[in-house]
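Asks: Take a look at the letters that make up each chain.
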Amino acid sequence: MQARKKYVLLGLCTCCWLLLFYWGGLQERLLALLTRRRGEVVRPWPDWLDRALLPGYAENAELQNGGGPGESPRQRRQAWASIYKNSHCRMDTCFDFGRCRGRDGFRVYVYPPEKGDRVSESYRKILASVAESRYYTSDPREACLFVLGIDTLDRDQLSTQFVPNVDERIRGYPLWNDGRNHVIFNLYSGTWPNYTEDLGFNVGQAILAKASLNTEHFRPGFDVSIPLFSKDHPQKGGERGWLLRNTVPPRRKYLLMFKGKRYLTGIGSDTRNALHHIHNGKDIVSLTTCKHGKDWEKHKDARCDHDNQDLWELCRFCLQQSSDLHAADANNGVCLFPVSFWHVPQAACIPVLLSNGWELPFSDVIQWNQAVIEGDERLLLQVPSTVRAVGVDRVLALRQRTQMLWEAYFSSVDKIVLTTLEIIKDRVYAHISRNKFMWNALPGGLVVLPEYSTHLAHYPFYYLNLGISPGQEFTAVIHAVSPLVSQSQPIMKLLQVVSKSKYCSQIIILWNSEKPPPHRSKWPPMPVPLVVTDGRRKTSSRFLPHVTIETEAVLSLDEDTVLLTSEVNFAFHVWQSFPERIVGYPPRSHFWDPVKKIWGYTSKWTNEYSIVLTGAAFYHRYYHYLFSHYLPPSLRALVDRTSNCEDILMNFLVSSVTHLPPIKVAQRKQYKDMPGPQSTNMAPWATPEHFNQRQDCVNTFASWFGYMPLVHSQLRLDPVLFKDHVSVLRKKYKDLERA
Amino acid sequence: MCASVKYSSRGPALIPRMKTKHRIYYITLFSVVLLGLIATGMFQFWPHSIESSPEWTLDRRSVHDAPLVKLPVSSPIPERGDLSCRMHTCFDVYRCGYNPKNRIKVYIYPLQRFVDEVGVPISSTGLSREYNDLLSAISDSDFYTDDVTRACLFVPSIDVLNQNSLRIRETAQALAMLPRWDKGMNHLLFNMLPGGPPDYNTALDVPRDRALLAGGGFSTWTYRQGYDVSIPVYSPLSAEVDLPEKQPGPRRYFILSSQTAIHREYRTELERLKEENGEALLLLDKCSNLSQGMASARKRCYKGQVYDYPQILQESSFCVVLRGARLGQATLSDVLQAGCVPVIMADSYILPFSEVLDWKRASVVIPEEKLPEMYTILKSIPHRQVEEMQRQARWFWEAYFRSMKAIGLTTLQIINDRIYPYAARTYEEWNNPPVVKWSSVSNPLFLPLIPPRSPGFTAVVLTYDRVESLFRVITEISKVPSLAKLLVVWNNQNKSPPEESLWPKIAVPLRVVRTKENKLSNRFFPFDEIETEAVLAIDDDIIMLTSDELQFGYEVWREFPDRLVGYPGRLHLWDHEMGKWKYESEWTNEVSMVLTGAAFYHKYFNYLYTYKMPGDIKNWVDAHMNCEDIAMNFLVANITGKAPIKVTPRKKFKCPECTAIDGLSLDQTHMVERSECINKFASVFGTMPLKVVEHRADPVLYKDDFPEKLKSFPNIGSL
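Chains as they are written, first to last, in this note's numbering: chain S, 1 to 739; chain G, 740 to 1458.
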C-alpha cells in the first residue's frame, strides 16, 4: 500500500513535471534566459508601443517654409561685412569679389620694392614666383589679389630679418584698404618658447598664408596653411622624391623613427619627454638632436654626430609632431632643421603626424589621411601598435601618396606659392574650381585647369579611376603653311589618307600661309567634315584649344607628312591605351653634354628617344589647353618668333605632367626622317640654324621648368605580328611593312 | 505564481499521514517538485523584452511610461558652447581606447521625461518619431554599447532636433543632470532646426558645455571645424513619397525653383531670369486656392497651374535651393532624392557632411550675390557633367540623406574616422556611387616611376626534376647583365636538389628553395629571398630566349612596372555560338595575356596572388595543375585596369629538345581546359578584366635599316 502510494505519488509528480515542462515551453524560456544578455545588447532602445503615434519633429509646412523668407538679403550682407571682420573674416565678408571681375579675372599685383628694404632669400623667391606666374600683373587697378613687398616671413622679434614698423608702413599704402584682397606670407611668428601667433602687426582683413597655423586662430575657408620651407628650397622644379622603387615588403631598417629637438620647456615638450617610452632601440628609435639654441655644442654628446639625413631613408614611418613645423630656430635667421618636416615625404618615409591643434599645409584641398598616419599626441603610446597594424597594401599606397603630394605641391617655392594662389582662386570662382579628387589624384591640382572643364572625364588622367575608356574618334589638325597650288600637293594625299580612317570624326586645317585660304571647292570631297581656320601665322596656334575640336584625341599633322591610313589607325589604338601621353612616329632625343654643360638635342637614329615630333602625333586635346594657358607667354613667343620648337615644348609639357616618356609607334621609314647633306634642296627643318635653334630651345625650356622633364624610352610599339615570318594574310597592319 | 500557491497549500495535508522514515523522503520530493513548479511558473510569466512575437509584449511600453524626472529650479545650467573646442581640447579620447576593430562605442541614455517643478515638460513634443528612429538605428548598429563605462560617445535621449519645441533653459538643465554629463564631454546632440525667430541662430541655442553638435544649418561662424558635424535637415516627405530613380539626362526644365518662402528680393530676381530665358525656368510657389483636404505641402503652383511636389523636381536638371531665414533647408533633401542637381545659394552655409562629401561633384554652389548670373553659370556646365552630377546627387541622397538611420550612422562614422584616422574611409568610399566603385580601378602602383636599372631583377625558376634543362636555363639567364639573383623553386618533394658542387657556376647569388607541396602557385610565392622589385618568372625549359631579349624585357618592365611583361602573347575571345569565353593561341593580331613561362612583373603581384586572389582560384589552379598564368593575368589586369605588354616577336616557347609539337600547348584537351579556366575566372571576378591590345614592344631600332652593331639589342630572336 505504502509502496503503491509512493509510486502513484511519484508518477503524479512526474506527470505534473512533464506536463508543465512541455506546456510551459520551459526550454524556450531557458534558452531565452541564456541568450538574454546578448539580446539586450542587440536591442536596448525599446520598440515603443506607440511609435506610430509619435509626433514628427517638425510640420511639413514648417520644413518647406525653411523658417520663412527672413530679412532682406542685401541688408544682411551689409550687416555681415561690418560684424564679421578681423578674426572672423571669411571670403564672403572680407574679400572684395568685385575686384576679380576684370577681363582677365584673377590677377595678382606685387608691391614694388622700397629703397633700403632688406628682403630675405625666401621672400625674394616667393615674390619671384608670383611675378613669374601667369596671374601676375603690374597694374594694381586690374589686380584681384595683392602681395606686399615688405618681407613678412619672419616675425620673430629676435630674428635679424625682422622688419620693424610694418603697421605704420602698410597703413600708409593707398591700396591697403584694411588688408582687403591682400595675402600675407609668413613662416615664423612669435618667438621661442611659445611661438605665439602674433605677427607684430595688424593683418586686418588680409588673407594669411602662414606656416604652422594653429587651428584656433585659423580662419577656415579664408587663411591658407602653407608648409615651412628653408631658404635653400629650390625656386623651381625641385627634386623628385626619393622613392625610386616600390619594394615589397618595404625594406627599411627601422619601423618608426622620431628625430628632432628635445625641448625642456615650451610647446611640444611633454610629448618629447614621453617619446623615450616608445623607443625600444630595435625597430623604434627616437633620436633627439642637441642642436638647439646657441650653446648646444657645450652639451654635445656622442649621439649628436649621428645627425644625418640618410637615416630617414632607413625607416618606414617617421613620427612627426606638427609643432616641429613651427619650432625652427629663427635666432640666426637660419632654419636649424636641414631635414625639416617637408623632407620626410621626400624621403619616402611615411609621416606619423601628431598634429593636435595644427592646421596641416593646404588642408583645404589635400586629404591628409590618405597620405600620412595621423595620431593623437595624447595617445602617443598607442602609436607603435597602430603603426605595426598597417598592412603592406596601405604602406605601399601611403608611400606613393606622400611622394605624389611632395612632387605636386611642395618640392619648390614655385609650387608652394602657386598652390596658395590656386586655392584662393578656387574660392573666388567657386563654380569653376577643382574638386577634391582633382587636387588629390595624379598629376595634381596645379596642372588641372578648371577653366578648361570641371568634368573629370574631360581630362586624360582619370579614365581608369572613373572606370571609363577614352572616346573612339579623333580630330585631325593639319598645319598648312604653303599655299594651295596643285591638286597633287602632299596635303591632298594626307587629307585622303586621314579621312579614310574610320576613327576620324573631322579634319581641321589650320591655315598659316601667307596667302588667304583657298575656296572651299578647292578641297577634295571628304567623308568627314572639313574645317579651315585661320592660324594668324603663328606657330603656336597649332596648339590653340580650338572650340571645334570635340573629340578627346587629336591627331596633329604637318602638311607634308606622309602616312598610311593603317599607320593612323594603329597609332590611334595605341593612344587609347596611353591617353595621357603623346603617341607619335618620328622620335628625337636629348642628352646632357658634360663638356659644354648644356643639354643637347639630336635627331640621329638612337637606341632611345625622349621626344616624338608633333608633325604626326596623337595626344589628348587637354594638352592644347595646357599649352595655351599654362605655359608662360614668353615661351610661346619664342616659338612664334623662331617658327620652331613647338613640338619640343609640347613634349616638355606632357612629360612634366606625366613624368613619363612619349610613345613611338611603328612607321615605314622615309627619306624625310633621314636628313643628309647630300640632298640638294634642303628643307627649312634640315638646316644647321634650325637645328641649333632647337638645341637652344631645349635649354630655354629646361630652365623655365627648372629641371629636365623629358624622360627616355627604349621601346617602340609595333603591331603584334610586325615583320614576323607569318603569312601577310594574317596581318592586320601589313601596309606598315612595305618599304 | 498562482499555481505554486495552490500546490503548496495542498502539500502539508498529505505529510502528517506518513511514517517518519518516509516523511523526510516525501518532504524532499515535494520540495523539489514545488521548487520546479515555482520556477516553471516564474518563467511562464516573467517579463521578457526580447520576444518579438506579439503574445509576449508585456515589456512593450509606451513612451509615456518613461520615468518622470523633476528639474529643480536651481539645477545647474551648462555653459554656452565653447567656440574654440576641437577634438584634442574638448574630447576625451582616452574613453575610446585602442581596439582592433577601430570602432567607437556609443551609449544611449534611457528615456526619461523631464518636467519642471510645476510639472510642465521641457519640450512640447517630447520624443519625436525622427529622433526615436535615429536612436533605434544607433542601438541596432555595431557602434552601440549598453555598458556605460566602455562608451566613447554618449547620446542623450532628450530630443533637441527642433529648437522651436524646446524650453531652452530647462533643456539645458536636463542635459546637465545626465549622470555622465561631465561638462558635456563626449556627448553628441542632434539638432536639425536651430535658432528661433526672428534672427534664427545657425546653431542650437541650448547651452551645452563641450558637447559635440550634429547640426543642420551651421554657418561658417558657428561650425567648429573638425569638431561639430554638419548634418542635413531631414525631409519626412522622402519616407512618404517614393520617387524611383530617374536616368540622368536632359529634363523638361533647365532650372526649377520650388521653395515657398523666398525673399521678395530674390523672387524678383528669379522672375527677371524667367523673363529672359522663358520656358527653361519654372518658378513655383505656394498654392493659394487649393480645395479643402489637399495637402498643401505636396502641391506647388504657377499661374494657377498645379504641380505635384516633389514629383515635379524630377522634371528639371537644376533645382534652386536658396537660404531662407534658416540656412539649412529640407528642400535640399527632396531635390537630391529627385536626382535634380541642387543650385545652392546660401552664403556661409556649411553643407551637410562636407567633411567627407565632395559637394562640387553633386551640386553647384553660387554666392547669393551672383543669383542674376545663375543661368549663365549653369549653362556653362558640360552636359556630361550635369548627368554625372544628377547621378551623384541621387547617390548622396540614397547613402546619406534617405532616413534618420542614414543620417545618424553617417554622423557616427565621421566621428569614428576622426578618432581612428588611420582606419578612416577614403574619399572614394565616401563619394563614389556603387556603379563607379564597381567599374573603377585604383592601381596599387599608381605613382609613375621608372625604377633605376641598378638593382636588377630576380629570376625565379620553377623546376621539378629536369635538372639538365634547368642547368642550361641557369647558364643562359646568368648572361643577362641586369640579373641580380637566381632563385630555384624546387617543387619535387621526393627528390633532393643536386649537390651544390654540381650547379653551374654563375656570377650572381643562386638560392634553392624547397617547397612542401608540388603546387603551381609556389612559383608566385613572395619569397623573402626576392629582394628586388622586378621578378622574372621562368620555366625550367625556356632556353631559347637570348640574353638581349631578356635584358630588353627587363628594360620594358622598368617603363611599365605595374604590368606583366612577357614574351608569347595569348588572347581571349567571346565564342558567340557557345556563349562563353574561348582561349586563343593562334597567331593573332591582338594580345590580352602573356605567358608566365617567361615574364617580368612586380613582386607585389606575388603578394596579391598568394594572399588576395579572389574566390577559390588559387586552389583551383593547384588542383588542376594548369592556368596559373591566366590567373596571374586576370589578377593584374583586374587591379590595374591595364593590358600586359608583349615584347619581341616570340609566339611560343620552342626548345630544341622538345618534339615538333609544342609539348602540351597544342593538345586539344589542353586548349579546352584553358578556355574553361578563363570562364571560371571570369565568373569568380564577376567581370572580364582582361584588356585587348594590338601592340607589342620592340627595341626602337628593331629591324630598321641600321648597322646591327650599333643597336642596343641586336640579338632579338624570332617567333
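Read the hints as simulated data drawn from the structure, not as lab findings.
Since the model is a prediction, treat every value here as computed from it, not as a measurement.
Fair warning: there could be bad hints in the mix.
[To be verified] Partial selection, computed: residues in chain S whose CB lies under 8 Å from chain G:
1) P46
2) P69
3) D376
4) W599
5) H659
Don't be surprised by glycine CBs; every beta carbon is placed ideally from N, CA and C.
Asks: Against this structure, judge whether each hint is valid.
Replies: To see whether the hints hold, each was checked on the structure:
For P46 (chain S), the interface hint holds, the least distance from its beta-carbon to any beta-carbon of chain G being 6 Å, beneath 8 Å. The interface hint given for P69 (chain S) holds, since its Cβ lies 4 Å from the closest Cβ of chain G, which is under the 8 Å cut-off. Nearest Cβ of chain G to the Cβ of D376 (chain S): about 5 Å, under the 8 Å cut. The hint holds. Because the closest C-beta pair between W599 (chain S) and chain G is about 19 Å apart, greater than 8 Å, the hint is violated.
Nearest Cβ of chain G to the Cβ of H659 (chain S): about 4 Å, under the 8 Å cut. The hint holds.
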